[in-house]
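Trainee: Sequence:
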Amino acid sequence: MKKFMMRHIGYISCFVFTITGTMACTEHNLSHHEKIDASVSKLSLDVDMANVNVIVSDRDEAAVDIDISYRGSVPAYTIDTRNEKLSVSLDCPMYCSGDITLRVPVDTSVDVALDSGNAEVKGVEGDVSVWVESGDVAVHDLAGELDLRANNGSIQGRVQSKVCYADANDGNISLQFDRVPKMIDVVTRLGDIDLKVPSDSYRIWTQQKGTPAKIENIQKNNDSSNEIFAECGSGFLRIMGI
Numbered sequence: 000m001k002k003f004m005m006r007h008i009g010y011i012s013c014f015v016f017t018i019t020g021t022m023a024c025t026e027h028n029l030s031h032h033e034k035i036d037a038s039v040s041k042l043s044l045d046v047d048m049a050n051v052n053v054i055v056s057d058r059d060e061a062a063v064d065i066d067i068s069y070r071g072s073v074p075a076y077t078i079d080t081r082n083e084k085l086s087v088s089l090d091c092p093m094y095c096s097g098d099i100t101l102r103v104p105v106d107t108s109v110d111v112a113l114d115s116g117n118a119e120v121k122g123v124e125g126d127v128s129v130w131v132e133s134g135d136v137a138v139h140d141l142a143g144e145l146d147l148r149a150n151n152g153s154i155q156g157r158v159q160s161k162v163c164y165a166d167a168n169d170g171n172i173s174l175q176f177d178r179v180p181k182m183i184d185v186v187t188r189l190g191d192i193d194l195k196v197p198s199d200s201y202r203i204w205t206q207q208k209g210t211p212a213k214i215e216n217i218q219k220n221n222d223s224s225n226e227i228f229a230e231c232g233s234g235f236l237r238i239m240g241i
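32 is the number that numbering that gives the first Met the number 0 gives to position 33 of the sequence shown; each next residue is one higher, with no gaps.
Keep in mind that a hint or two might mislead.
As the list claims (entries may be wrong) - Simulated crosslink set (DSS-like; lysine-lysine; CA at most 27 Å straight-line):
no.: 1; residue 1: K213; residue 2: K195
no.: 2; residue 1: K213; residue 2: K161
no.: 3; residue 1: K219; residue 2: K181
These aren't lab readings, by the way, just hints derived from the structure by calculation. Given the structure is predicted, the values throughout are model-derived calculations rather than measurements.
Please put together the full structure from these sequences, using the hints given.
Mentor: What follows is the structure, encoded as structure tokens:
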């Protein structure tokens, strides 16, 4: 039988096995709901470890829902509102899992920075910036300018945005545009690119290794004001008119 000793980390007990040196910590829950009384037109979110969901509020007001499990020290979070900017942060010292859900007015601009977890943004009409170090990015029914980055994960969604920048260092990019975009600039180093855009004329520049890019049902026109730039380091690249 393995011997173990107990020590306290934060508010919970951890068991350290003396033979293997591994640590087993009890998992606890942290839940918090807060309605934001002030007006909100900007959202800034900085999270260590959790899934992030940003959705449009039914009542045109903001709210924060935190529902996570953790091990180790109790996570620290902050919720602050000033000058119509809602700032939310979560610092997880050891391990966290679960969800942080932000409900915001439809015209809110969104800025998300996430170390580990998946990020999803739905329905807002303001500009959206999402950076995820390890996890996937999903976007749906967005209308503002997009800046999407996933260092170790994929980017996917269906939007109405006119301008989109997307960078997936190690993952696929799959995006559908329901309106003719003015500028799409996407790059992945270790993954596929699959773009669907309304059939129209576009100035298109592609670069990829291996299989040539597939461009279907689109009129290529170097004088067009609608531009698509796609760079695929290793994978399949397709741009298709719908």
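Trainee: Each of the hints needs a verdict: does it hold here or not?
Mentor: Results of checking the hints against the structure:
no. : hint        : verdict
1   : K213 x K195 : 12 Å, holds
2   : K213 x K161 : 22 Å, holds
3   : K219 x K181 : 14 Å, holds
The structure is consistent with each of the numbered hints, conforming to all of them.
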